[in-house]
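Undergrad: Taking the hints into account, I'd like the entire structure generated from these sequences.
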Amino acid sequence: EASPGEESTYLSAFEKDVSATLKAMEVPHDTAPALIGLFHHSLRDADKKVVYACETPDAFYMNHKTQRRAVQKWRYRVAQHEGWRVLPIATEEAWRAMPTLDDKIAQIKKGMESEIRG
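Using this note's numbering, read the sequence shown as starting at -8 and increasing by one per residue.
Hint data in this document are derived by calculation from the structure and do not stem from the laboratory.
Each residue gets a CB set at the ideal place from its N, CA and C atoms; glycine is no exception.
Please note that a few of the clues may not be correct.
Cβ pair distances, simulated, as ranges [what the hints assert, rightly or not]:
id: 1; residue 1: Ala11; residue 2: Ser105; range: 27 to 33 Å
id: 2; residue 1: Trp65; residue 2: Lys39; range: 21 to 27 Å
id: 3; residue 1: Lys40; residue 2: Glu84; range: 25 to 31 Å
id: 4; residue 1: Lys7; residue 2: Ala97; range: 16 to 22 Å
TA: See the structure below:
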């Protein structure tokens, strides 16, 4: 597990960028994978029981790019059943299209106002 201020080696480049943006916003979060129910989640705040959902293309059906696959829905349902809030940050494709830190901060703030339902 990563120590505070130390990046986890388990994070993808996408998750590392989201983590850096959360740090720029001074949002406390953990970066080491944690088992919540049956599934691992990387970016989260254990004190507030919040999971920051960074979704890669494999989280969605190939023929329905906006519809989450069943396993992804179950990841979120299990976390919610355990008392966690699952906040949508962005899809990897949308995140990479954001040119500035301000755009990324705005996206995270938008995600913090909603919650994914499993």
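Undergrad: A separate judgement is required for each hint: does it hold in the structure or not?
TA: Cross-check of the supplied hints:
The hinted window of 27 to 33 Å between Ala11 and Ser105 is violated, with their beta carbons roughly 22 Å apart. The beta-carbon spacing between Trp65 and Lys39, approximately 22 Å, falls within the hinted interval of 21 to 27 Å. Between Lys40 and Glu84 the Cβ separation comes to about 28 Å, which falls inside the hinted range of 25 to 31 Å. For Lys7 and Ala97, the Cβ-Cβ distance of about 19 Å falls inside the hinted range of 16 to 22 Å, so the restraint holds.
The structure is inconsistent with hint 1 alone, although it conforms to all the rest.
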